[in-house]
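From first to last, the protein sequence lines stand for chains U and E. Numbering-wise, full-length UniProt numbering puts 572 at position 572 of the first sequence, and it's gapless, one number per residue. Numbering-wise, full-length UniProt numbering puts 86 at position 86 of the second sequence, and it's gapless, one number per residue.
If you're looking for bench data, these hints aren't it; they were derived computationally from the structure. Note that the coordinates shown come from a computational prediction; the quantities given were computed from them, not determined experimentally. The beta carbon of each residue, even a glycine, is placed where N, CA and C say it ideally should be. Please note: incorrect hints may appear among the correct ones.
[To be verified] Partial list, computed: chain U residues near chain E (C-beta under 8 Å):
1) 89
2) 166
3) 312
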Amino acid sequence: MPAVSKGDGMRGLAVFISDIRNCKSKEAEIKRINKELANIRSKFKGDKALDGYSKKKYVCKLLFIFLLGHDIDFGHMEAVNLLSSNKYTEKQIGYLFISVLVNSNSELIRLINNAIKNDLSSRNPTFMCLALHCIANVGSREMAEAFASEIPRILVAGDTMDSVKQSAALCLLRLYKTSPDLVLMGEWTSRVVHLLNDQHMGVVTAAISLITCLSQKNPDEFKTCVSLAVSRLSRIVSSASTDLQDYTYYFVPAPWLSCKLLRLLQCYPPPEDGAVKGRLVECLETILNKAQEPPKSKKVQHSNAKNAILFEAISLIIHYDSEPNLLVRACNQLGQFLQHRETNLRYLALESMCTLASSEFSHEAVKTHIETVINALKTERDVSVRQRAADLLYAMCDRSNAKQIVAEMLSYLETADYSIREEMVRVLKVAILAEKYAVDYSWYVDTILNLIRIAGDYVSEEVWYRVIQIVINRDDVQGYAAKTVFEALQAPACHENMVKVGGYILGEFGNLIAGDPRSSPLVQFNLLHSKFHLCSVPTRALLLSAYIKFINLFPETKATIQEVLRCDSQIRNSDVELQQRAVEYLKLSSIASTDVLATVLEEMPPFPERESSILAKLKKKKGPGAVSVTELEDSKRESSELNGAGERGPDQSVMAASNASTPSPSADLLGIRSAAPVSTAPAGAGSLLVDVFSEAGPTASSGAVNDDGFLRDLEQPPETSDPLLVEGSGDSDSAPPSEDPAPPLSEAEELLNKFVCKNNGVLFENQLLQIGIKSEYRQNLGRMYLFYGNKTSVQFASFTTTLNVQSKPVEPLVEGGAQIQQVLNIECLTDFSDAPLLNIKFRYGGALQNLTLKLPVTINKFFQPTEMASQDFFQRWKQLSQPQQEAQKIFKANHSMDTEVIKAKLLGLGMALLDNVDPNPENYVCAGVIQTKSQQVGCLLRLEPNAQAQMYRLTLRCSKDSVSKRLCELLAQQF
Amino acid sequence: MADVLLSDSQKAESLSPPSAVTGGLDMNSSLGQSIRFILIQNRAGKTRLAKWYMQFDDDEKQKLIEEVHAVVTVRDAKHTNFVEFRNFKIIYRRYAGLYFCICVDVTDNNLAYLEAIHNFVEVLNEYFHNVCELDLVFNFYKVYTVVDEMFLAGEIRETSQTKVLKQLLMLQSL
Chain U
1 MPAVSKGDGM RGLAVFISDI RNCKSKEAEI KRINKELANI RSKFKGDKAL DGYSKKKYVC
61 KLLFIFLLGH DIDFGHMEAV NLLSSNKYTE KQIGYLFISV LVNSNSELIR LINNAIKNDL
121 SSRNPTFMCL ALHCIANVGS REMAEAFASE IPRILVAGDT MDSVKQSAAL CLLRLYKTSP
181 DLVLMGEWTS RVVHLLNDQH MGVVTAAISL ITCLSQKNPD EFKTCVSLAV SRLSRIVSSA
241 STDLQDYTYY FVPAPWLSCK LLRLLQCYPP PEDGAVKGRL VECLETILNK AQEPPKSKKV
301 QHSNAKNAIL FEAISLIIHY DSEPNLLVRA CNQLGQFLQH RETNLRYLAL ESMCTLASSE
361 FSHEAVKTHI ETVINALKTE RDVSVRQRAA DLLYAMCDRS NAKQIVAEML SYLETADYSI
421 REEMVRVLKV AILAEKYAVD YSWYVDTILN LIRIAGDYVS EEVWYRVIQI VINRDDVQGY
481 AAKTVFEALQ APACHENMVK VGGYILGEFG NLIAGDPRSS PLVQFNLLHS KFHLCSVPTR
541 ALLLSAYIKF INLFPETKAT IQEVLRCDSQ IRNSDVELQQ RAVEYLKLSS IASTDVLATV
601 LEEMPPFPER ESSILAKLKK KKGPGAVSVT ELEDSKRESS ELNGAGERGP DQSVMAASNA
661 STPSPSADLL GIRSAAPVST APAGAGSLLV DVFSEAGPTA SSGAVNDDGF LRDLEQPPET
721 SDPLLVEGSG DSDSAPPSED PAPPLSEAEE LLNKFVCKNN GVLFENQLLQ IGIKSEYRQN
781 LGRMYLFYGN KTSVQFASFT TTLNVQSKPV EPLVEGGAQI QQVLNIECLT DFSDAPLLNI
841 KFRYGGALQN LTLKLPVTIN KFFQPTEMAS QDFFQRWKQL SQPQQEAQKI FKANHSMDTE
901 VIKAKLLGLG MALLDNVDPN PENYVCAGVI QTKSQQVGCL LRLEPNAQAQ MYRLTLRCSK
961 DSVSKRLCEL LAQQF
Chain E
1 MADVLLSDSQ KAESLSPPSA VTGGLDMNSS LGQSIRFILI QNRAGKTRLA KWYMQFDDDE
61 KQKLIEEVHA VVTVRDAKHT NFVEFRNFKI IYRRYAGLYF CICVDVTDNN LAYLEAIHNF
121 VEVLNEYFHN VCELDLVFNF YKVYTVVDEM FLAGEIRETS QTKVLKQLLM LQSL
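Here chain E stands alone, though its shape is the one from the complex:
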């Protein structure tokens, strides 16, 4: 799995469309996985969160982080929130100085993930009472908990802000 993002030879395997089904037949060789990783980076390229849903070794992770930064930061507000990335695509949105990036399959629903980012940011904002970059730095271990409540195994786990926040406050009190 580790080199799926990196090697072209695996393109076929890793890019299989989820809807490659045809009249009367249903065939799909690969198990589509939605989110490959979630990255939060600031404009300078410092990583504030990296959540990986595939196995990468540390060098590959570093390379991906740099590439994503390079791809995303050159785009301006008039551009789309989507950018092709190797055999995948990055759905990203900028909040102040932070870029929230989700890497998904090319066939995945762009707008759904774009709003998943926003949903996540609203939860962070509520949880940290007007979140800022430093909250993510000092409470990095809590951010992981928030992520796991909302995304798990590369899929969306929970979308209700009310439910997530209730759970987080409950955990906070333990």
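The following block holds chain U by itself, in its conformation from the complex:
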């Protein structure tokens, strides 16, 4: 028993611990414990009052028993009694027992809080610390309620001992974290910040944790800490290794405090004050310089402490992302570490470089280390280091090195010891790099097929869907793809995903390689069919569809394939889906004529170009990259509904070979549709609205119903706000007025603004006419109903409406008191600033009325709200940091600043209103994606109201600068 002899050991406790240690079995231990529990219980219940020492000893034994993992259901009262002892050792055991064992709902809380209160006011620093530690360890709501107002006072009081200040600062931090509502810094703020100047380094070390936390929550109130932190840091960094005495650790002055100071600075942007900034840059340079100096000690503690500061400084440099010189120096320093013999340093350098790679200033510098990083991927023993290397390769990948990096990642995958989750991500990453930087698609096809071969289990559906989409859409790669999959399928054991891709591609493009006798139709079929029996039901279903496609492609295989379909294992398969396919395909192939077969089994039409589903998946997963986190599934469904040419994954093709067929959720090859996809208008450069398909259906008294709405495409660059319009041809008997449309009404802009945050309402009204609007938007599509109401009792003749993009005539007559309706279908092709113009002309009495309005279609109508967690938001925000991507306006409030009103407007805007993102609850933060046909534009918004000044500051960051600008203009009118 070596330790017992030391100090003030409790002999009984030491004996008990020895006994327990000597127990040969679990049973013996339990027996000994029960004996002890009985003994303690009788002592506590006994008539004789226990002295403090005995009480302490027994409570300590109970604690030991609890820590061994046994339940303790008594002794709490005795522990609480110890709190009021005047002996430190007894008090300490009491507090320890309570910190470890007490639960906050205990009825003893009142007694405990009383004891704490006494100790806090005791002016005995030892007791005060014990009490503060207890609060910090328990941190319950009850304690916060009791002490949250008391502790700041202790913290800043002039006569408080240093050690008590240290405990008070961190105790307050704990309470702030558990019950922020109860900790009100207000009047204490400035004095707390000034603790950074305290001459006791320990006080600064403790206080800075509190200040950092409070700064994160209330940056503005605490921003004076920046200059104080810089000067403190500067004093430490420039001090000699022995200046700080007690706070020098292996010749490094105050390493932990330095790290904390550097971390506090990361809560803020670079200092605006030139002098402060200069001093800070000097510090950072000194830290970088010191890394080059010869070490003052060979001990690892010395270099670790030094490098802890260095890495924190590099984090700050990356955070500022504004000092190219420092960034490149940081990168060079990390480059040295990449080859260091310490694994820790190599790991940290890889990790830190990953963030450097995303800075435009250091991206190139990071790329120079590619060989070292690839080497790390191949040779590091620690899998976590290899993972960092793979992450870094991913981060440094661009067009110039994509081929090399993807190849290296693939070969890494081949040897990697799989830890499933990580590898999944890695596989996705390879797929993304391959697609993002694909210059020739044969390379892309090779890469993905390799990926399936090497890591088929980890290749998700999206990956193989995508390769098929790309092959279908690029005819230059189809032959190559067919050849490649054919070769890949030769492998005796190939992954089921490979069979899927193979079946699909050969079913579509097998003819492209059928000329070669080595891959003749029958060879192809036999190859596919040899895999059939090893595959799961969805894959078999896909293969059956490939077979029927073969019958069309290669009539010579018909007999063989029919034979296969006819056999019992197909036509009587117990799986309904397979059976149905077999039956239907067999029937189809026997009764349909060649022509019908050729039509039904025609090659798949190209998939609409959309964002890569893989990218979407990754975004969903990780949040970086573009904003779009919309529900893919939804978008598919909706777009097909509205557009007639929805995206379909290969598995979602409509099965049209037979109407009776049940739509199967599983893979299906046949994407035959009864009608060819409706061709959407060519995305002419800049054209804003095509497809404005108008359908004049008079309601009320107007008689004729024109329900044969049709599509007509017409392009007009949106830049022409000059309404030189193409008019919808009127009926011959109601010659449209020939005058030019009037210029837009002076109030047109104002009217437009009314509709930025809402979709329905009255657009315009005068004595004659009222125009109402109802509209709805989904993705990049919208539908608008215009209601033209005749307020007079006289008929409007020659009523025409014209859009500067396109229009179809409305009913030329509007009876007095009647209303006619016009429907516009809207598709947003690309982002735009000017609203389309709507010109209305009609004859009222003899007079021609000519009126031009702005149609309230604004870019924000095409928002998809995007919910995201704060970290995603920040990451995204940071990515959009180019100056032109941001638009900011400070403006006076024109409307009520009521929270609910503002919220309603922001919601009406179409973005997602994100709670708990901005540390200042007064502010509003939103995220959304604008869906246009050509692209998606991610947008982030922040609105900071200042109620006193009746002002707002509005900041927009979008992936497209014109959008930031336009949204900012639009929104500045709304609040």
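Assemble chain E onto chain U, guided by the hints.
Structure of chain E alone, referenced to chain U:
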């Protein structure tokens, strides 16, 4: 708080980087907490100290203890002293048969905590005059005092060995 370590759904909340601040803006939704727990375990997995800075129920604590043991003991000297752990990371160092482990946020400074462990061990060594595992067993209640002097509320409270030892000796004499 209790399930932050355990549930994925809380990942966002619990993993917010402390430096998610961008040009001109300063936003951070979550209050970063540095140390989630400190564990001292021997090679057999016996816990010699467990100090929790978050609320966990007893079952969760037991589970965490076992997981940490499983993660840390399989690593060898050539490996880093850092290991990803759920949504956090463990910074650990082995001294003879004992593993000293600190669980922190992924964004925390690895080397600073690695040396914080060593600083702590040097204090224990001085305090117990060549500390060994048994000292920690028999004086478990004193080890808590040492911890509270150096770490409080999941943060580093005092780093000066001289100051800590002076305080401990003063307390010892009371």
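Contradicted hints - numbers only:
Structure breaks no hint.
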